[in-house]
Amino acid sequence: MNRRDFLLSLAASACLSGCQPAANPLLPAGSMLGPSMERGHRLRGRDFPAPSETRKTGVAIVGGGIAGLSAAWKLNKSGFGDFQLFELEDAAGGNARSGKNAVSAYPWGAHYLPLPGVEARETRELLADLGVLQGDPYAESPSYDERFLCFAPQERLYRHGLWQEGMLPQIGATRRDQEQYRRFFTLLDQFRQRHGARGLRAFSIPAARSARDSDLVALDRISMRHFLQQQKLDSPLLHWYVNYGCRDDYGSDYAAVSAWAGLHYFASRDGRVGNVDSDQVLTWPEGNGWLVKEMQKGFSERIVSGALAQRMAETRSHVELDVYMQRENRSVRWQADRVIFAAPMFVLPHIFEGLDEKLKQACQQIRYAPWLVANLTLNSLPEPGHGAPLSWDNVLYGSPALGYVNATHQNLRSHEGPAVLTYYWALSGEPEKVARQRLFDTPWQNWSESILRELSRPHPDIRDKVTQLDIFRWGHAMSKPVPGWIWSAERERLTVPHGRVYLAHSDLSGFSIFEEANYWGVKAAEHVLKKATV
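Throughout, the working numbering is defined as the position within the sequence shown, counted from one, plus 1220.
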């Protein structure tokens, strides 16, 4: 999201040890959750029963994340009902999944949506259909239902024992820091206002509608850290701020994020609105899980959950899709006129027979960030601490984690009674395979102790408040926009149709945000609709 320039406090912070807990009080109750690894890993062994029956459908959608749901939403809205959506998990949603307990709904992944700009017309159409955007979705400055806009205060930062409003360090910043802030934001303003040779904005959402001028594309070949160094920007506070943004949106340190992607994070948002500030975001207690729930209302009967697409082969007249039904322990062969493959691209080589070698290599080059998300149920909110009051987004300076979101923030009585805090930790700063192994090898007790120890810095009473601490492990949470990937020929290869198979996932953009997944899902559906009318 756009980060605002507010006053902050001074500080230093401690590092967090992620694996070895010190002697500690008794931990609260809790559990370790995550995607169904056993189901997905069956693709390696190929030990599936032969299909026991054959069925037909016009379109088979593989994957029920935002891209797959967007494709289904577009087909359904266009009056095309001959489709089935197959989802590996017991519920759709992908990394926008959510949960609920007696206190509140809460996110297990993506938790907000910035106000979409005019280029993100697919997302605006969806929001209008769901009643979130009011009036003309193509208006330059539309209005939004205020119930879904993040209530104030929106964000704060903890540093040197004090909470400050906003994320950009100001109090304690030297004149040199302040001058570098001004230079950096001037650069961002220049990029926001710039249009390329074809009239496209330098950085747009979706990324496919961005300018492709050679000097802009060249930014993809260096890291965001390198870009700051090139601009003679070396303020440690500015570097922390930029690095935090990359970790927050991409799950990766800025030294391993393309400068194009880093600048896109800061300069692409242009969600001008009629009734609120443009740096507002849309959010719900369950995060983007609310969008997941609302999107599928019109076609929920066509979603087949617990269904693993385990073989896909194109014939002259259709696509054969063998689907393993987990609950029934049997396979069904579907004959589909078209397939929209909306699962993560690393899965494609495991199921697509006869996959083009170059396309296979492109899928295998994608690097994925592992994440940990924890939901802490509290009998009451912790003491707010000194400085800025409890906000929706609460960040600890210098922490390896990203901070926490107050899932009960949107409640009118959010400061009274029990609450749920959603804690985010992108395991960046080490090779993905190493981080992924650490994510799954570290037991719940150790992760829980690390989380509580870190939160005890600003909230000494947190241990007395927590009654439940549940952890969700995402081994492949999102694709990482590493230098050289976004504008590579390999990534571009993923974006074109392949016979009767259309790929649709945020992986096609090179990074994972709602609008990108929505764009590719709708685009795939539009391809299918054109073929259906020929």
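What the hints contain is simulated information worked out from the structure, not anything from laboratory work.
Keep in mind that the hints are not guaranteed to be accurate.
[What the hints assert, rightly or not] No more than 25 Å apart at the CA atoms, straight line, and that leaves these computed lysine-lysine pairs for PhoX-like:
no. : residue 1 : residue 2
1   : K1276     : K1750
2   : K1578     : K1653
3   : K1320     : K1685
4   : K1653     : K1297
[To be verified] Have a look at the derived ranges for each label pair, beta carbon to beta carbon:
no. : residue 1 : residue 2 : range
5   : T1753     : R1553     : 42 to 52 Å
6   : T1274     : N1549     : 42 to 52 Å
7   : R1264     : A1372     : 17 to 27 Å
8   : R1432     : E1548     : 45 to 55 Å
9   : H1606     : S1251     : 43 to 53 Å
Idealized CB from N, CA, C, for every residue including glycine.
Self-check item: Numbered hints the structure breaks, given as an ascending list
Solution: Numbers 4, 5, 6, 7, 9 - these are the hints that the structure violates, sorted from lowest upward.
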